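J.: What follows is the residue order along each chain.
Number of protein chains: 2
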Amino acid sequence: MNTKAFFKLSYGVYIVSANYENKDGGCVINTLAQVTSSPARLSIALNKNNETLRLIEGAGSFSAVVLSEDVDMELIKTFGFQSGRDAEKFEQASYERDLNGNPYPTEGIAARFSCKVTDRLDVDTHVILIGEVTEADIPSDSQVLTYADYHSKKKGTTPKNAPSYQESQTKGFRCSVCGYILEADELPEDFICPVCGKDASYFEKID
Amino acid sequence: MNTKAFFKLSYGVYIVSANYENKDGGCVINTLAQVTSSPARLSIALNKNNETLRLIEGAGSFSAVVLSEDVDMELIKTFGFQSGRDAEKFEQASYERDLNGNPYPTEGIAARFSCKVTDRLDVDTHVILIGEVTEADIPSDSQVLTYADYHSKKKGTTPKNAPSYQESQTKGFRCSVCGYILEADELPEDFICPVCGKDASYFEKID
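Residue numbers (UniProt numbering), protein chains in the order written: chain A, 1 to 207; chain B, 1 to 207.
Okay, chain A solo, but in the shape it has when bound (with noise of 0.2 Å):
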């Protein structure tokens, strides 16, 4: 099996949020898509290990952004490399709140939805959830970001709860929180990774 062909799928790159229990929270994902069109129906995929799972589900619903291209890196990271287990994400970015309550950043974002949750469908490692939408607004006329724009253009990289995650076949250290690869034989004790600013306690060796 090549598994190289899985980097054949195109995405886009979203954020999806909630509010439950006073507490706000959302994550990067790539696995957005329309499933139904009368009534428009969203599905999005997450990692069970994700707390924004445990909150949308809390909520029974969620908002959900297309991020632009022109969206700021720190954004992403903000999002995407850090556990609302242990952050405040949303304290670090400009949002507002959809009719449901659940926040959504304003920036770097191309389009917007709202959604209530009417199934789940359990994938082992991940759910999926269907969510009716509510609400879709076009806030900016921006181009959007495309998964492989991500990739190329920002430099980005894949977190391990990601479903579309690869092994590496490179030898060197990977951040274990955002996926970059430094490339060496040796990991310098005062490195930080260039992502997500992590520190070297944070690398596994990869062989």
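Keep in mind that the hints were calculated from the coordinates and are not lab data. Among the hints, a few may not be true.
Heads up, the list lumps identical chains together, so a pair's fine if it works in one copy or across two of them.
[As the list claims (entries may be wrong)] In silico SDA-like links for lysine to any residue, alpha-carbon gap of 20 Å or less: (1) 23 to 91; (2) 48 to 119; (3) 205 to 68; (4) 116 to 1; (5) 48 to 121.
Please read all numbers here as calculations on a predicted model, not as lab measurements.
Since the structure of chain A is already known, use the hints to place chain B on it.
T.: Leaving out everything else, chain B in the frame of chain A:
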């Protein structure tokens, strides 16, 4: 609700196919995503009207190919704008069979997968199927066709059964087979659809 927000979602273009009870069939979809990485699983969404859904559910497995930028529009017309109830699509294309006996197109593709169906979620007009990947290959180094490029470069259209189908806000006549819109006050009696080749009797007036 601004339904144009749905046009901001990024997809690739795929053909999924199967063989059931000695019948080959397949159709074009844009909703294919990886949902887990270990083991690797793909999700696909199909309209319940699609003959291909019946074949895949009967077979319990499917092939999926990623279409490439250099794909011939004839292949998309063959698999996207005809029903498998009326046409033997694979008789009109070059194809091979995977280890499950399912056929897949061999030209105009950037990657291919074979999957065994493991889960199913009924979403009203559509069904989401989850497939565990048993084969994955990159038969050429062609660039993948994105759904955005399909619309902008290939002048592709979206038929009514697609999850991303949108009612048009344009006045004129719409081809009920492929979704092509002629912006005009009158539909000439001898009009032939420039996308799928159907005659004027297949066109519906839109206001």
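J.: Tell me, in ascending order, the numbers of any earlier hints that this structure violates.
T.: 3
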